[in-house]
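Visitor: Residues per chain are reported as follows:
Protein chains: 2
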Amino acid sequence: MNYHDLVYVIESRQSVLCVGLDSDVSKLPSGFAAKPASLADFNKAIIDATAEYAVAYKPNLAFYEAYGLEGWKALEETIGYLRNQYPGHLTIADAKRGDIGNTASQYAKGLLQELGFDAITVAPYMGRDSVEPFLLPDKWAVVLALTSNGGADDFQQQRMADGRPLYAHVLERVSQWIPTEQRMFVVGATRPEGLAHVRTLAEDTYFLVPGVGAQGGSVPEVLGAAGWKNRPGVGVLINASRSIQYASNGPDFAAAAAREASALQTQMAHWMQTERAWTDAEASADPLDVA
Amino acid sequence: MNYHDLVYVIESRQSVLCVGLDSDVSKLPSGFAAKPASLADFNKAIIDATAEYAVAYKPNLAFYEAYGLEGWKALEETIGYLRNQYPGHLTIADAKRGDIGNTASQYAKGLLQELGFDAITVAPYMGRDSVEPFLLPDKWAVVLALTSNGGADDFQQQRMADGRPLYAHVLERVSQWIPTEQRMFVVGATRPEGLAHVRTLAEDTYFLVPGVGAQGGSVPEVLGAAGWKNRPGVGVLINASRSIQYASNGPDFAAAAAREASALQTQMAHWMQTERAWTDAEASADPLDVA
Chain A
387 MNYHDLVYVI ESRQSVLCVG LDSDVSKLPS GFAAKPASLA DFNKAIIDAT AEYAVAYKPN
447 LAFYEAYGLE GWKALEETIG YLRNQYPGHL TIADAKRGDI GNTASQYAKG LLQELGFDAI
507 TVAPYMGRDS VEPFLLPDKW AVVLALTSNG GADDFQQQRM ADGRPLYAHV LERVSQWIPT
567 EQRMFVVGAT RPEGLAHVRT LAEDTYFLVP GVGAQGGSVP EVLGAAGWKN RPGVGVLINA
627 SRSIQYASNG PDFAAAAARE ASALQTQMAH WMQTERAWTD AEASADPLDV A
Chain B
387 MNYHDLVYVI ESRQSVLCVG LDSDVSKLPS GFAAKPASLA DFNKAIIDAT AEYAVAYKPN
447 LAFYEAYGLE GWKALEETIG YLRNQYPGHL TIADAKRGDI GNTASQYAKG LLQELGFDAI
507 TVAPYMGRDS VEPFLLPDKW AVVLALTSNG GADDFQQQRM ADGRPLYAHV LERVSQWIPT
567 EQRMFVVGAT RPEGLAHVRT LAEDTYFLVP GVGAQGGSVP EVLGAAGWKN RPGVGVLINA
627 SRSIQYASNG PDFAAAAARE ASALQTQMAH WMQTERAWTD AEASADPLDV A
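Chains as they are written, first to last, in the working numbering: chain A, 387 to 677; chain B, 387 to 677.
No wet-lab data here; the hints were simulated from the structure. Quick caveat, the model's predicted, so the values are computed rather than measured. Mixed in with the good hints there might be a few duds.
Copies of the same chain look alike in the list, so a pair counts if it works inside one copy or between any two.
[To be verified] List of simulated lysine-lysine pairs, DSBU-like, C-alpha gap at most 30 angstroms:
id, residue 1, residue 2
1, K525, K615
2, K525, K421
3, K459, K615
4, K459, K413
5, K459, K421
6, K525, K430
7, K421, K615
8, K495, K430
9, K495, K421
10, K413, K430
Given the sequences, and given the hints that come with them, work out the whole structure.
Guide: Take a look at the structure:
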């Protein structure tokens, strides 16, 4: 799914919801056997229940690798289901890979080409040649900038020689390496004022914001801080994982997941309908050409 | 394999050689079908040919993930073979994982517990809570500090507010989080003077040095710059991947791999026998107690 398609599905679905598939064998609802082979069926049920409210799905690869071959099978079945049944949803491999060029190319081959994910999360520590191999046609590199965990203070928030924090250097350099329509930044939402500041540093780039739901943060705060107000596409994907997947552990888990996703989408639609304004010319313009 | 065991096998085998298993379907020797199912057999042949010269093996996970389920099967078969046939060799999952705590715990479960690797390479960008979940008993976190790729200049070598480069902060902080006997740093060897400088910043920590062989650098230079001269254990693992694995693409590939590994081990043994000196008391002391 390319940039224009993403803008289109966000506007037509009135949603920026990304559903994280951090599917944990130990947390499956009561109807599922507590084994890795259940993960794909659970994911399909969550996807079916939430697809009308969501624009993206993001399996967290660690939760599948934890079970070796069986976990990898569940991941393949999940991405296959998404590609076949929901081609109008962006798929993000939350893998946080980062390695030298010939190795990064292997990750790109496996996750973007063989499995067919649209996007992959990438760690920037090893620099340019660890990021560029993910630039395949219509694929996205979703690069860690400022995360919402406590450890973000350890390096990301530390000041460089020019007084700016490390994450600001990451935003600037990565923006030089990857075209706008293929890049996204991971920016945490635990502090809305921080999110607003990051927006001033990367105005035209999509943010993937993980800190909503069980990790804290609210939809109006996130969109108020980082949402594009003067052009289509919003510029933000808001992820929720556990608050949707584990909304109930009873037989009503899918209905409960749908309710949670619907509630988030309602807030997103409300913001999109009340807080934005653009001219007809802006709305019909190429979003990549709007400053 | 714990710290004392590693010191023991290094001294008894007179080697610090780590053989990287970056096994590429497109580069298999002539006797192998060019398909992922051949990877495990190729790895077993390389391992059998090099085990007497090596102390560690390091599969690069990207090369297996590139082939999905079949690649993962080859990885499982390879680590299973190592654990059963060569329990006296350290096994390192070259995965460069780095994610928030509950996700990092899943990677630790999958790679260190289920697959049973002794060690995993870790990216430090997300900070403390992304590193600590790998601290399982007798397991190692091998943290990226200063890598040997061109992109190392982009962030790792950049100066922080106190004038020191980012990698120096990584060395310092990670050393506070992880005990000496469970930590290792990835330090590139393309510039020996850089390696010597890094040694002054982390004197008591094992380095995994990837830049020997096809990536450049020489054994005497690396050990001269970073090897411990006054106590057992050397303090360095030197990795070679392609120069060993693809020494020949004919039916003599295993013999050629053995020759390459033997040549490196001979250089290592020579350095260990000629460039070091310690008293009997130092030699018999607990290596973790020696300053």
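Visitor: Give the relationship of K421 and K615 under a CA distance limit of 30 angstroms: within one copy only, between copies only, both, or neither.
Guide: neither (45 angstroms within a copy, 51 angstroms between copies)
Visitor: At most 30 angstroms between CA atoms: does that hold for K525 and K421 within a copy, between copies, both, or neither?
Guide: between (32 angstroms within a copy, 26 angstroms between copies)
Visitor: With identical chains treated as interchangeable, where does the CA-CA distance between K459 and K615 reach 30 angstroms or less: within a copy, between copies, both, or neither?
Guide: neither (41 angstroms within a copy, 49 angstroms between copies)
Visitor: When no copy is named, should K525 and K430 be tagged within, between, both, or neither for a Cα gap of at most 30 angstroms?
Guide: within (23 angstroms within a copy, 36 angstroms between copies)
Visitor: For the identical chains here, do K495 and K430 meet the 30 angstroms Cα criterion within one copy, between copies, both, or neither?
Guide: both (25 angstroms within a copy, 24 angstroms between copies)
Visitor: Which holds for K495 with K421 at a C-alpha limit of 30 angstroms: within a copy, between copies, both or neither?
Guide: This pair counts as both: shortest intra-copy Cα distance 29 angstroms, inter-copy 15 angstroms.
Visitor: For K459 vs K421, is the C-alpha pair at or below 30 angstroms within one copy, between two copies, both, or neither?
Guide: both (12 angstroms within a copy, 19 angstroms between copies)
Visitor: Is the C-alpha distance from K459 to K413 at most 30 angstroms within one copy, between copies, in both cases, or in neither?
Guide: Both: 19 angstroms inside a copy, 26 angstroms across copies.
Visitor: Could you figure out if K525 and K615 sit no more than 30 angstroms apart (CA to CA) within one copy, between two copies, both or neither?
Guide: The answer is within: 26 angstroms in one copy meets 30 angstroms, while 49 angstroms across copies does not.
Visitor: Please sort K413 with K430 into within, between, both or neither, judging by C-alpha distance up to 30 angstroms.
Guide: Cα proximity of K413 and K430: one copy only (16 angstroms, versus 38 angstroms across).
The structure does not agree with the numbered hints 3, 7 stated previously, though it agrees with the rest.
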